[in-house]
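Start from the sequences, fold in the hints, and give me the full structure.
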Amino acid sequence: MEELVYTRTKAVFENAVSGFCPGCMHSTVAKLIGEVLEELDILDKAVCVKGIGCCGLQSNYFAFDNITAAHGRACAAATGIKRTNPASLVFTYQGDGDLASIGLAETVSAANRGENFSVIFINNGIYGMTGGQMAPTTLVGMKASTAPWGRKPEEHGYPIHVCELLNELTAPYYLERTSCNNPTNVRKTKKAIKKAFQNQLDGKGFSLVEIVTGCPTNWGTDALGSLDFIEEKMLPEFPLGVIRDKSKED
Amino acid sequence: METNLCVAGFGGQGVMTLGKFLAEAACDDSSKNVTFFPSYGAEQRGGTANCYVVISDEEIGAPISTTMDDLIVMNEPSLAKFLPRLKKGGRLFINSSIVKTEVSREDITVVKAPVTDMAFALGSGKVLNVLMLGVYVGYTAVLDEGLVWNLVEHKLGKKVALLETNRAAFEQGLKLGKEARA
Amino acid sequence: MSRVFMKGCEAIAEAAVRAGCRFFAGYPITPQNEIPEYFSRRMPEVGGVFVQGESEVASISMVYGAGCAGTRAMTSSSSCGIALKSEGISYCAGARIPMVYCNVARGGPGVGSIQPAQMDYLQATKASGNGGFQMLVFAPSTVQEAVDLTYAAFDYADRDRNPVLILADGVIGTMMESVELPPMRSDEEIAAIKDSKKKWTALGHRLGEHVDIEPGFWSTLDQQKWNEEAAALYLSWEKDLQWEEYCVEDAELVIASYGISARIAKSAVNLLRREGLKVGLIRPITVNPFPYKAFDRIDYSKCKAVLDVEMSIPAQFVKDVSVAVKDRCPIETCLCSGGNIMSRDDILAACKKILEA
Chain C
1 MEELVYTRTK
11 AVFENAVSGF
21 CPGCMHSTVA
31 KLIGEVLEEL
41 DILDKAVCVK
51 GIGCCGLQSN
61 YFAFDNITAA
71 HGRACAAATG
81 IKRTNPASLV
91 FTYQGDGDLA
101 SIGLAETVSA
111 ANRGENFSVI
121 FINNGIYGMT
131 GGQMAPTTLV
141 GMKASTAPWG
151 RKPEEHGYPI
161 HVCELLNELT
171 APYYLERTSC
181 NNPTNVRKTK
191 KAIKKAFQNQ
201 LDGKGFSLVE
211 IVTGCPTNWG
221 TDALGSLDFI
231 EEKMLPEFPL
241 GVIRDKSKED
Chain F
1 METNLCVAGF
11 GGQGVMTLGK
21 FLAEAACDDS
31 SKNVTFFPSY
41 GAEQRGGTAN
51 CYVVISDEEI
61 GAPISTTMDD
71 LIVMNEPSLA
81 KFLPRLKKGG
91 RLFINSSIVK
101 TEVSREDITV
111 VKAPVTDMAF
121 ALGSGKVLNV
131 LMLGVYVGYT
141 AVLDEGLVWN
151 LVEHKLGKKV
161 ALLETNRAAF
171 EQGLKLGKEA
181 RA
Chain S
1 MSRVFMKGCE
11 AIAEAAVRAG
21 CRFFAGYPIT
31 PQNEIPEYFS
41 RRMPEVGGVF
51 VQGESEVASI
61 SMVYGAGCAG
71 TRAMTSSSSC
81 GIALKSEGIS
91 YCAGARIPMV
101 YCNVARGGPG
111 VGSIQPAQMD
121 YLQATKASGN
131 GGFQMLVFAP
141 STVQEAVDLT
151 YAAFDYADRD
161 RNPVLILADG
171 VIGTMMESVE
181 LPPMRSDEEI
191 AAIKDSKKKW
201 TALGHRLGEH
211 VDIEPGFWST
221 LDQQKWNEEA
231 AALYLSWEKD
241 LQWEEYCVED
251 AELVIASYGI
261 SARIAKSAVN
271 LLRREGLKVG
281 LIRPITVNPF
291 PYKAFDRIDY
301 SKCKAVLDVE
311 MSIPAQFVKD
321 VSVAVKDRCP
331 IETCLCSGGN
341 IMSRDDILAA
351 CKKILEA
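Sequence order for the protein chains is C, F and S.
If you're matching positions, the first sequence starts at 1 in the numbering used here and goes up one per residue.
If you're matching positions, the second sequence starts at 1 in the numbering used here and goes up one per residue.
If you're matching positions, the third sequence starts at 1 in the numbering used here and goes up one per residue.
Quick caveat, the hints were computed from the structure, so don't treat them as lab data.
Just so it is clear, the structure is predicted and the values come from calculations on it, not from any experiment.
Among these hints, one or two may not hold up.
[What the hints assert, rightly or not] Straight-line C-alpha distance at most 25 angstroms; calculated DSS-like pairs for lysine-lysine:
1. S:353 / F:87
2. F:87 / S:352
3. S:199 / C:10
4. F:88 / S:352
5. S:319 / S:239
6. S:198 / C:10
Written out as structure tokens, the structure reads:
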């Protein structure tokens, strides 16, 4: 007797061929989001607000409503959507340059207002689409096309820890940092996304899941090499775990 | 027929309220057009506060103009600032409790009213603007006095305690204005 | 309808509420603070949403979001704040998201002066952001007109799926005047309007019907096709041209002016006519597109000159006037700026100087 043990999520176009680079985790996260939307049965309520950059490529894959906001303004646009249509499941999907550099004010302000939507934050420490420029989350010493000798603290400061920064605010409900560098962490990421969406459905307020991912192309490595880099370099700087979970206080 | 008025004084003397009372009363007179324009900006802090009211039987052009038909001054700096802009033949209303400078222009009419002193005599320094409103309406008859009082009464609606003092202030002002006219 | 005495900013906000605007986001800047302040009190009464954004940049993106979700949405600011909004305005135009915004203009450039001015004409009418998009731009000259145009602006925005700009100024925004307010759209009407946009708005759709709102394209061909369609839309606005023509027929001098300046100029025309001087006025109400053809109504055999009256130094509106006049007579200017309000006496003097020459 045949038993169905796995089926592809309908939330990602079946005929879409990945335009993401080999080893890129945008496709992994797209799949996780799709599975969560299906499991929560909210595919027809979902609205994704994409940031600018590689995140925007998801419009080729997402089979649910999605819009592109101006660079960095996803949390502002999501505010406009969610406030006028509370029945929608609204989440932003942003990279580190978008969320933590040009859009830091929008991110912090939405979190501080406790907006009832979810943020999926893809942190790979580099600008992808524009070609490997230094991001606010670029590691110290890490080379970038605009920091050819590597990030120097005396000139560029240090990587921004978004979850820890937002943890200084009172309003945010749930902040967790995960990764997709091994099957265990992929499962944890899915669980975190599900929790963030469920929080929104329950009207709990602002949830953010920071996902530490790789960018083999702009890191100058390959898919496997990027997994090692995440484990050895990124995770010591961006430790995984729940930074804030108010449901534990309820 | 168009009358344009500038009301000027210290912030806190109620000059904006005076202008607004007059303008809103004019709005209630459906045969008139009216504009109210507040002067805002840094000068509102500590310096002079002023507003412009234009009441007309026709469409109003400029809500603020370089010259004016009528001028109400509640303090010394306003006199110095605005007197040169009062038209020849214009009417100047002075709070003579505070403004002591003699007006040198002979081509205008000056109506003096010690509204600060009168207000204190009525037991509330705050009603000096309603006193001056009375003086202005009494002298110019630009609007029906009943209409103006109805508006003031409506605006003070919830502050019943103040109503009697304001009523007395308006009536004293009207009387002074009418006598000056006679 | 009865007359109410209202401040320009508040009247604009109330007109928007009555037109069905149910989302407003804005950031404080003088002289338009009464608009967000009014919405903050009024929106809860009508089931609408007011958000004080963390910046102009964020506020316009909030409006973009609300517009993407089909809600009639608005923002407002003044001059330098409008410049900050140009990012989101361009995104709305690029993604064809209807929204209305109001510029209560003040002096410039830079932080400029907080008092009234008309220094944003070229920005408002030619390039309110990157990418060569256009918008219907209306310039009211009275509080009543600001109310009527704001009310209509939401219909234009929805009709075209495009931003609409109300180009006001610090006088219109801060002065009080009697107005007759338009009727309040019912909750049913507002719901029906939102419902009519369902096909393209991002509210969540069934699998296979999903909506993707993009302020741009990956394909150059798609982008060009979009540009061509937008260009056709912009051409269709010829039917929406509005202007006021006053005593132009026999005029030996025609004043060209808009917004608050035009209102002051009109009163100058009345005074000059009483003196027997043949002066007229053309006042564009739509400043984009510009009613160039209005200037064909001038009898150039009689008209000595067109006098451009605006609160901008250097003059900006004069560039469109000049295109309209096509060298058929000389163009003179009567200008002020810096927050100084156009003086009727200056207009009278400028007219007399031309007529007596």
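- Message: Tell me the hint numbers this structure goes against, listed in increasing order.
- Response: Hint check: nothing fails, all pass.
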